[in-house]
Amino acid sequence: MSVFDPARAHPAPGATCARSAREHGHALPILHEIRHALERLLASGEETRIDLQSMPFGPGDLERLTAVLGQGEVQARVEALGPTLIQETAIPGVWLVDYRSLEDQRLSYQIEIATLPEILRPRPEDLAESLAALDARLSESGLDAAAPNASPSSS
Amino acid sequence: MSGSMEFLLWTKGPLFNIALAIFAIGLMARLVEIFMLGRAPNYAEPRAHEWPAGLRTMLTRTVADPGTFQRAPFNVVVGWVWHLGFLTALLFFVPHVELIQGVLGFAWPALPNPVVDFATAITLLALIATLVHRLTHPVKRHISTIEDYLVWAVVFMVVLTGYLAYHRLVEPYPLALGMHILCAEILLIILPFTKLTHIFTTFIARWYNGAAFGRKGVQS
Amino acid sequence: MRKRPDKTLGESLRDHGLSRRGFLKLCATTASLMALPPSLAPAIAAALEQARRPSVIWLSFQECTGCTESLTRSHAPTLEDLIFDFISLDYHHTLQAASGEAAEAARFQAMEENKGQYLVIVDGSIPGPDANPGFSTVAGHSNYDILMETVEHAAAVIAVGTCAAFGGLPQARPNPTGAMSVMDLVRDKPVINVPGCPPIPMVITGVVAHYLVFGRLPELDAYHRPLAFYGQSIHDRCYRRPFYDKGLFAERFDDEGARQGWCLYRLGCKGPTTYNACATMKWNDGTSWPIEAGHPCLGCSEPKFWDAGGFYEPVSVPLTLGPTTLLGAGAAGGVIGGGLAAMARKQVKQDAATRQPVTVDELEQKL
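Residue numbers (our numbering), protein chains in the order written: chain A, 1058 to 1212; chain B, 2 to 221; chain C, 4 to 370.
Simulated from the structure, these hints should not be mistaken for lab results. The reader is advised that the hints may include incorrect statements.
Far from chain C, some chain A residues (derived; all Cβ distances over 12 angstroms) [stated by the list, open to error]:
| no. | residue |
| --- | --- |
| 1 | Gln-1128 |
| 2 | Ile-1148 |
| 3 | Gln-1167 |
Pairwise CB distance ranges, derived in the manner of DEER restraints [stated by the list, open to error]:
| no. | chain 1 | residue 1 | chain 2 | residue 2 | range |
| --- | --- | --- | --- | --- | --- |
| 4 | C | Pro-40 | A | Arg-1092 | 15 to 21 angstroms |
| 5 | B | Ile-147 | C | Ala-345 | 28 to 34 angstroms |
| 6 | B | Leu-92 | C | Gly-313 | 45 to 51 angstroms |
| 7 | C | Arg-219 | B | Pro-15 | 37 to 43 angstroms |
| 8 | C | Pro-40 | B | Ile-147 | 50 to 56 angstroms |
| 9 | C | Glu-52 | B | Pro-15 | 50 to 56 angstroms |
Here a beta-carbon is modelled for each residue, glycine too, at the ideal position from N, C-alpha and C.
Chain A on its own, in the form it takes in the complex (with noise of 0.2 angstroms):
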């Protein structure tokens, strides 16, 4: 099974009524904005985010919305503070970002629209220290005390 599933991950009360299939005129404003923002993107690298939650959706927009962004070939899970799941989409550089609490209901539904969505890349303080933290490994392993010339060369 998927990463993101979007059937589990709506539960859309209206999914299994007929009539819910008709058209509110919501997710279209969305894509457009995500069109100008696709646009920035690639003018100045400028990232966007869009926050889907926040958006007066009608029953089965979001599923159509999605329906139209496809689904890419990239499929990530971050473990911190509960699951995230990011899904790229089927066009390059936007992302759906599925936030979720440790109890894997939904905290916020987010669609980013950069290279690379923020939360995958490391923080900067966190990449800062990991030179340290690969040497505290590498002497916690004791791989380097076993081996006398693996010192590194530039010491």
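Chain A is already provided as a structure; the job is to place chains B and C on it using the hints.
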């Protein structure tokens, strides 16, 4: 504590009752008085029936004759436009139909909102045009009284506040709706005591004239 | 249950082993929770780092516990997060473990230790100072006394639910208990109203989160409601709004219009006059909300919603007037008109009877 919601509930509740009571009492008093006063009995033998002539005049005086149109095309066209627009908004806007249903116990189908919206916008423009015309036309200006301007202002405010409320151009909405209801109530209150009574007396008067002429066998 | 609010939230979260990605996620979801644009997440991160957990005292007066029920269904942050990480909930009838004397002692201790700093959350209306205090008491003290005593050194008061915010159900006519809102009674402290019957759980926690994150009150409307949640009417955010604009209405609950999901205006929807976040935040973990379920909005987050006309009467229908009143007024008018006409006739007859003809010569003599 005062707020827009209290204002709206006041206009929808006590003030509406007062306004409609004044309107109903005032209007009925005026109409009954008019009917009961009647005219002096005419003992001459009628030359023709009253009813066909009366009804015909109700129609002929509603449609301006060519002479009148040539003399005052602005009055005829703009007058027609804003009267029709006003009636469309008054009688066929969904909330108004619901109001009529609530007050009278019966109502009729409404028109789609965009149609009413268009009629309202046209009415607003036409009303502004009438005021400009009244102020710039020397004769009209000379014969205009304070009552004319008062009636224009009240009618214009009713339409304007309704338009603002529908398009939600005033925040918060209960304030916008309350203002509209308040203006409509002022209109109801002054209606029986100003020239606005013509809403109810115009056709009566036209019939009366036509009937009187018809009885004498004269074309009106 | 008690924790001193001595650490900043950033420190406290790191102590709990929260990673920087976790913190980023917290900020992104907090922005969403506070109905702020995602672009504000960095500002929230900076603020959260320095935030201190406020002590919160929750007072329940003339209420039905529906607001607490709503709060316990908040999923972002969960009630556990809220109680343990974000705030120090030092007094709450329903949720606290202590009871009796110990409970009241906890309240006094929190007030003493956090003088001028603590938040007071109130749900339920209060019998006013002139009303019989016996209508609602806690531990033998009147609601009014407890409120005034607790609020005296509070930083701010959050009135949760329509009863606390506007008087709500207890204040509905004829208001037998003399119920008043917090805003009516507390004049010298900032009061935030979070109305709704009940309010959306996320809105309750969102307002608390806003205070926690930014250390000040959110922007409020004329009714002291946070604009982030109450800034737009239900009608303006309703997904059925296009049907209103097209003039497509459900006329009955079982007609074709209702099945097609058309506008519920004619069935009494108070969406046009109601300001709340239901249309976007929705209920039950974002599942649905009343209008999506096919029921008109009752307008529960507005003052006097209980007395504001029938729930199934359209907004434009007057509150008390009906055909009989109008007929009565018309009949009265008829009688008055008849009287006036009769008087006028009498006058004419009288004038005719006492008529004294005057000739031109006589008139000229007078001049």
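Results for each hint:
no., hint, in the structure
1, Gln-1128, "22 angstroms, holds"
2, Ile-1148, "19 angstroms, holds"
3, Gln-1167, "6 angstroms, violated"
4, C:Pro-40 to A:Arg-1092: 15 to 21 angstroms, "18 angstroms, holds"
5, B:Ile-147 to C:Ala-345: 28 to 34 angstroms, "32 angstroms, holds"
6, B:Leu-92 to C:Gly-313: 45 to 51 angstroms, "23 angstroms, violated"
7, C:Arg-219 to B:Pro-15: 37 to 43 angstroms, "40 angstroms, holds"
8, C:Pro-40 to B:Ile-147: 50 to 56 angstroms, "53 angstroms, holds"
9, C:Glu-52 to B:Pro-15: 50 to 56 angstroms, "54 angstroms, holds"
Of the numbered hints listed earlier, those contradicted by the structure are 3, 6.
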